[in-house]
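Chemist: Spelled out from the first residue to the last, the chains are:
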Amino acid sequence: MSDAEQTPTTGPDRTQAGDGKFGDYGGRYVPEALMPALRELEDAYERYVLNNQDGFWDEFRERIDDFGGRPTPLQYAENLSARYDTNVYLKREDLLHGGAHKLNNALGQVLLAKYMGKERIIAETGAGQHGTATAMAAAHLDMPCEIYMGERDITRQRPNVFRMKINGADVVPVTTGRGTLKEAISETMRDWATTVETSHYVIGSIVGPHPFPTMVRDFHALISEEIRSQIQRETGDLPDAVLACAGGGSNTMGTFHHFVDDPGVELYAVEAGGSSLAVDEEEGVAPNSASLSTGTEGVLHGARTKLLQDGEGQIVESHSVSSGLDYAGVGPELAHLVDEDRVTPVNVDDDAALEGFHRLSQREGIIPALETAHAFGYLEEHHDEVGETVVVNVSGRGDKDLAAALEETEERDLANAPEMSTFAGGL
Amino acid sequence: MSDAEQTPTTGPDRTQAGDGKFGDYGGRYVPEALMPALRELEDAYERYVLNNQDGFWDEFRERIDDFGGRPTPLQYAENLSARYDTNVYLKREDLLHGGAHKLNNALGQVLLAKYMGKERIIAETGAGQHGTATAMAAAHLDMPCEIYMGERDITRQRPNVFRMKINGADVVPVTTGRGTLKEAISETMRDWATTVETSHYVIGSIVGPHPFPTMVRDFHALISEEIRSQIQRETGDLPDAVLACAGGGSNTMGTFHHFVDDPGVELYAVEAGGSSLAVDEEEGVAPNSASLSTGTEGVLHGARTKLLQDGEGQIVESHSVSSGLDYAGVGPELAHLVDEDRVTPVNVDDDAALEGFHRLSQREGIIPALETAHAFGYLEEHHDEVGETVVVNVSGRGDKDLAAALEETEERDLANAPEMSTFAGGL
Amino acid sequence: MSRLRDAVDGGSAFVPYLAVGDPSYDESLRYVESLAAGGADAIELGLPFSEPIAEGPTIQEAIVRALDAGMTPERFFEFVEDLDVDVPLVCMTYYNLLYQYGELDDGEQRPRPFVERAAEAGLSGFVVPDLPAEEAAPLRAACDEFDMDLVSIVAPTTEDERLERLVDVSSGYLYVQARLGVTGTDVEAADRTAESLDRLAAYDVPKAVGFGIDSGEKAADVIEAGADGIIVGSALVDIVAEGHEQDRDTEAVADDIRSLASELKSGARRGHERRVPRAEGQ
Amino acid sequence: MSRLRDAVDGGSAFVPYLAVGDPSYDESLRYVESLAAGGADAIELGLPFSEPIAEGPTIQEAIVRALDAGMTPERFFEFVEDLDVDVPLVCMTYYNLLYQYGELDDGEQRPRPFVERAAEAGLSGFVVPDLPAEEAAPLRAACDEFDMDLVSIVAPTTEDERLERLVDVSSGYLYVQARLGVTGTDVEAADRTAESLDRLAAYDVPKAVGFGIDSGEKAADVIEAGADGIIVGSALVDIVAEGHEQDRDTEAVADDIRSLASELKSGARRGHERRVPRAEGQ
Ligand SMILES: Cc1ncc(COP(=O)(O)O)c(C=O)c1O
Ligand SMILES: Cc1ncc(COP(=O)(O)O)c(C=O)c1O
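Quick mapping for you: the protein sequence lines, in order, are chains A, B, C and D.
Position 222 of the first sequence, counted from 1, bears residue number 222 in the numbering used here, the numbering being contiguous throughout.
Position 419 of the second sequence, counted from 1, bears residue number 419 in the numbering used here, the numbering being contiguous throughout.
Position 255 of the third sequence, counted from 1, bears residue number 255 in the numbering used here, the numbering being contiguous throughout.
Position 142 of the fourth sequence, counted from 1, bears residue number 142 in the numbering used here, the numbering being contiguous throughout.
The set of hints was computed from the structure by calculation and includes no laboratory data.
One or more hints might be untrue.
Derived CB-CB ranges, DEER-like [said to hold, decoys possible]:
#1 D:D68 - B:L427: 31 to 39 angstroms
#2 B:A424 - C:E74: 42 to 50 angstroms
#3 B:E281 - A:N416: 49 to 57 angstroms
Going by beta-carbon spacing under 7 angstroms, a handful of chain A positions derived as facing chain C [as the list claims (entries may be wrong)]:
#4 V30
#5 E32
#6 G298
#7 Q314
Positions of the beta carbon are idealized from the N, C-alpha and C atoms, including for glycine.
This is chain A alone, in the form it adopts within the complex (with noise of 0.2 angstroms):
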């Protein structure tokens, strides 16, 4: 029991589960053998997660309080606050157990996979950042669980593929197509399309078919929640802009949910710029992953939503020196908030995030996830923008990235790195 709970848990919004639909986005773009299945996890939802019937909120709220250490800390940033002449406060998700915002979201869909008396968890994951926060959660409640990932990035992340399998989890390669995260999500679909009766499909961000974006977005929405009565107990009032990176999306819509509904708040999702903003349709690549920015409305993954795809549809291959932000699609309630001009959709190139990374790492004392980097790219090139008073989420922490953080920036002339020479040949 950590001293949070002392905080009232207020819960989501306990107004209804929706249609699924942002706008014309979202909605259930699934094979008909998920339909059931996403019914009755709608049904799980509006009952454990809404109304918490047999107490689920409220267990849940202890187990990501005391297991997952919530609340984290709204930290004031003492040296960047100097250098931008603006109060800028770091929601500290890093501390979160795993080491990034994910757990939120995996804890509460195994938790809610046992209420619903499911058997067996099943999740895919790219870089590995969801597969080992699901495996966590599961292991904590000791259900089995297995992760889908393709072989190739099982290759390129053993680390984070090591902690799934002592945490208990199989691991499963992928060896269709090009082996990634792709792969990895088609094939759990396939088991889930199977296995539905008794397996819960753990999706890891604000993705996928209706009810996942929005109970994705619930079980994140703490992160505001907390923001919310922090930065007002601390300063007493909202603040000017909130940041967060964008991948999916779901750190982005957790760290702004409580703030939709002050006009006030200035709404940042910073996606990754990559090395370009330019789709080659030729190669069916995008190099970066600024799907808000740039995407066009399609259907990817169970919703509509914007999306990385050619002229003609097909989906093209996404890239940012983050992983986990490394993805073709984005949540359709963020798209939704785009087109609404609620969230302004920016972002920033590859090395700028590196930039970022450093800055971070040098004058705060806090190594970011690379992903969480790109947020502090964009403050250092708008800072005059964003008001008086701007809060970022720190979503992760970059223990996870040492060895792509040195590649990446021994490989670049970045104005902020630290002589590396002792690590040549890596870590």
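Since the structure of chain A is already known, use the hints to place chains B, C and D with the ligands on it.
Modeler: Structure of chains B, C and D with the ligands alone, referenced to chain A:
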């Protein structure tokens, strides 16, 4: 501002700094040149830490909460509790910023150095845990920082070296002797002896000359202060036993401090039994780090304490599968509490520690540091002797240990290791 | 009038599937024509999409081969036009490709441009596994306009109250999934088939059963259990894959395809004969 | 009566240091004897300890070589007994070795056994850099019993109120640290020396200045500044280290040691001559 602020910050027992003696242990066995610096430090410790002059302690509490993530949760470990038919509570120091309890002390000392008007931080590190915590604290407080580290340790601990460097610290390779922790300590003492007037030496455990053992313990005593109120809130009572792993003993004394005067609470310091408890006099090696269990009285690194030495008083090389416990000495206060029969020194060998590592990972979804894993190795073997409620300090997370855990697991035939063949050849 | 309904309504229809452009445009043309030669009553032509979430590994790999060989929606329509077969053709693909195709005229709604082009190329209908009935209205409207069918998939898990909606929105035939899971041949084909068909008996629409059928015997069993037709994909794609991997002669592969097609078709007939006497005996 | 006081009290004493057993027992014997031959007035013999926290890298490496070659406290005493020199010898080591040595008789206190054995071997006193005055009583008592000296080190940072205590507990001579830091030769030797000596003027005990002296000229400067003697370690150990690394002939190394010793001793004499006329002139 985390919600921790609602917890009253009682601070250390505001009594006296004491004379640095714990029975016959402790003292100040250092070159004369350092004496004035130690007296200056003792004076600063009394004024700022014990008497909160200029609001030092308040500032420390606010920073360790907001930057560090205190209070850390006390979590009921459901699965282990069921396994042992005993209420097992986990104190989650692994969730502290940096991934171990180390930051409590590093942040406290760097802040104190600032209050003292020092301009430069120096520290030594073996495995890199104390070095990374110090580098983070120094970046946070905008202090130049140099970390001495043996050349051999630098090659063995590259990720930690990288972390220190990206936090802006200078890592100074120590090439004398065997290039490990001992030489790094000598080198840092040497630097300090030359630069005492402007530098502060941040010692990383409750070892060294007075006032370090007392002061480092006070910074870490937040751990037991929190446990005490958390467990009382949860169970209405004190625990029957408290377990913590012991290397130098900083997390141990931090975990025990507020229970020392409660005779009903058994305190177990779990040392690294390594591969054997014997000392090989011929080779000058003790294949363990069990100085409380097997060591003899002597003088090392500025204090009289229990230590691992040969019959002539030469310090032997210690060994443990966990580099953070791998030290031939132990804090004088702990040595004294053992002599007084207040603390029970116990130990488990490398195999039991590795099994503890896998057990906590698999059953609770928490990958512990290999240091921490020793406490769980002990709990497994002696769970029927620890009473009905036991608190175990999870002093750190295991992310830093993945490569070592893999290698050591592959070499052994452990009862509970996951299948590891995918990882042949390392991470 | 529905060409698909007519094609499947005979009681022993054989509806094979191949991914178009696998492993190349020309080879694929030959293979699809062999299906017709082997007795197909209608053919499902897979238009490759980069994220085929409803496919098993066999068809997923076929789609990757076809994409790598340059298949696009436009090439797909040319393919249909180049084909020399006289059975109705169904386009099987994912909704995003329908949705993105072509330019919209004033007041026009997606996916009308795709449907218009498909009709022009000579296709008779669509199967879109990721398009739920709830979102099917615009496609349905365009199908009506161009006299095309929209085939719905019914799963073993589909609840009864949902069946009505699926039947409502669809035309031509119902694609009845024999078992849970995705396309593939690893599980006993007649699983739950009888049960599923029972639930559908009330609906006056032909039912073609797919998933897992890979031999004449299985085909016979499924038809005997009450299906109006069988849908076979992975077993045929396997022949294409193996031919490609072993670099076999196109004609030899086409022969094998035709011969499996014939086996499946006669299995279906056999099943029909087995059922009809029994039906008469009741 | 103190042999050490007598040895250092002449006004231009030369007190060299070598680590015993570096790089081997036999070579070390020769080198120490060369120091005497070169004019040493007393010799500090380093008994190697595994954690020499007060040493600079030069002496630390010497200690590692000596330990690797098998030096132990018992061998150290044998070494002292084997030595053929007629100047007083000081044992310089860390407290843990004194503390652990030997078996205690009833009522006996550590480190008496070590002191007893040292006296028997012919040593005249001790320098123990990690033993503070506060903890020195048992050693002091044993020294008194066996008529040995305990030399205290005075640092430039030592506060005045602390000086008294250091002087109180010590005998023989005071080891005056010329600058902050550890042993070594990298900094100007006369730094702060005059200042330190000024502070000590009131105490009637010879002052030997160490840290950083590596030439006759520096030796002269330090003595001229008021020291009664000079202590030289690293500069001599450097010769041993170089000889060992380059595998030089023992006698050649011994010659170099003797010649640096002579240079230092004559530097000290020169400094004394420079100071005495001046002192007379005042
Ligand atoms: C630290 C961190 N931040 C952000 C993200 C992006 O995910 P999302 O946009 O869904 O929050 C990830 C995904 O792995 C992550 O690990
Ligand atoms: C996680 C962890 N636990 C325990 C220790 C042991 O140190 P101490 O006994 O001083 O707490 C260390 C030292 O590095 C550590 O990293």
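Chemist: Now tell me if each hint is right for this structure.
Modeler: Quick rundown of the hints versus the structure:
Checked against the hint of 31 to 39 angstroms, the C-beta distance between D:D68 and B:L427 comes to roughly 35 angstroms, which is consistent with it. For B:A424 and C:E74, the hinted distance range of 42 to 50 angstroms is satisfied, since their beta carbons lie about 48 angstroms from each other. The hint said 49 to 57 angstroms for the Cβ distance between B:E281 and A:N416, and at roughly 52 angstroms that hint holds. At its closest, the beta carbon of A:V30 sits 6 angstroms from a beta carbon of chain C; the interface hint therefore holds under the 7 angstroms criterion.
For the restraint placing A:E32 at the interface with chain C, the shortest Cβ-Cβ distance is roughly 5 angstroms, inside the 7 angstroms limit, so the hint holds. Because the smallest distance between the Cβ of A:G298 and any Cβ of chain C comes to about 5 angstroms, under 7 angstroms, the interface hint for this residue holds. This hint holds: A:Q314 has a C-beta 5 angstroms from the nearest C-beta of chain C, less than the 7 angstroms allowed.
Going through the hint list in order, the structure satisfies each hint without exception.
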